[in-house]
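Peer 1: Sequence:
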Amino acid sequence: MIRVLLADDHKIVRDGLKRILAATTDLEVAGEAADGDELLTLVRGGDYDVAVIDMSMPGLAGVALVKRLKDEKPKLRILVLSMHGESQYAARVLKAGASGYVNKDSAAEVLVSAIRKIAAGGVHIGEAAAASLVAAEKAPHEALSDREFEVLRLLVEGLGPTQIGERLHLSVKTVSTHKTRILEKLNLGSTAELVRYALQHKLLD
17 MIRVLLADDH KIVRDGLKRI LAATTDLEVA GEAADGDELL TLVRGGDYDV
67 AVIDMSMPGL AGVALVKRLK DEKPKLRILV LSMHGESQYA ARVLKAGASG
117 YVNKDSAAEV LVSAIRKIAA GGVHIGEAAA ASLVAAEKAP HEALSDREFE
167 VLRLLVEGLG PTQIGERLHL SVKTVSTHKT RILEKLNLGS TAELVRYALQ
217 HKLLD
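To convert, note that position 29 of the sequence shown is 45 in our numbering; the numbers rise steadily by one, no gaps.
The set of hints was computed from the structure by calculation and includes no laboratory data.
Quick reminder that beta carbons are idealized off the backbone N, C-alpha and C, glycines included.
There's no promise every hint is true.
To be verified - So the derived label-pair ranges between C-beta atoms look like this:
(1) H185 - E125: 36 to 42 Å
(2) A38 - G174: 38 to 44 Å
(3) S72 - S192: 20 to 26 Å
(4) E125 - P74: 27 to 33 Å
(5) S187 - R35: 39 to 45 Å
(6) G61 - E173: 33 to 39 Å
(7) T41 - L76: 31 to 37 Å
(8) R19 - S206: 45 to 51 Å
(9) A159 - M17: 38 to 44 Å
(10) D31 - K201: 40 to 46 Å
(11) M17 - T190: 43 to 49 Å
(12) K27 - R197: 37 to 43 Å
(13) E158 - T57: 30 to 36 Å
(14) I28 - L184: 22 to 28 Å
Start from the sequences and build out the full structure, keeping to the hints where you can.
Peer 2: Structure follows, in structure tokens:
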């Protein structure tokens, strides 16, 4: 039996995932968490084969959470479940230590298959993720740090430095510094150019 740990800040999503896994004979939900901190507590105190984690939860989340989980339990297999397109985050979470990436729009069979595959030691990525991994070797934005990439995404969504600071728990000065570095690394001159860049490289939802 494959012991699965679910982590998503929306109970309705967790309930849906539990119903999907309950229909199988080889997967069982052995625990569930509503945020990154709760997930870490469960991982430290329990034994799980696969952690299915939402990309965007309150507190510790995303790439940083994947890295932390691998530090705590190197053998734990991690499947990231996200509403973001594969081309945006798949390469980063896989580099951080995740074994798979599934978009929330995927069919239930895809999720079940992905859990089984990574539990057996494999890696699950879709065609879009595979393409993004190849493109990642050439794309300028891959030179950005994970934090800079988060700031980039929020900037192109239309958030200002103050809003981004509140979202990421950073000072406005730090956000502004990140923005300056982003523009320098991408050789861009303004936020408008940054939005165009994001559209060209399919970094927007």
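Peer 1: The structure should be examined with respect to each hint, and the outcome stated for every one.
Peer 2: Hint by hint, here is what the structure shows:
no.	hint	result
1	H185 - E125: 36 to 42 Å	38 Å, holds
2	A38 - G174: 38 to 44 Å	40 Å, holds
3	S72 - S192: 20 to 26 Å	23 Å, holds
4	E125 - P74: 27 to 33 Å	30 Å, holds
5	S187 - R35: 39 to 45 Å	43 Å, holds
6	G61 - E173: 33 to 39 Å	37 Å, holds
7	T41 - L76: 31 to 37 Å	33 Å, holds
8	R19 - S206: 45 to 51 Å	50 Å, holds
9	A159 - M17: 38 to 44 Å	43 Å, holds
10	D31 - K201: 40 to 46 Å	42 Å, holds
11	M17 - T190: 43 to 49 Å	46 Å, holds
12	K27 - R197: 37 to 43 Å	38 Å, holds
13	E158 - T57: 30 to 36 Å	33 Å, holds
14	I28 - L184: 22 to 28 Å	26 Å, holds
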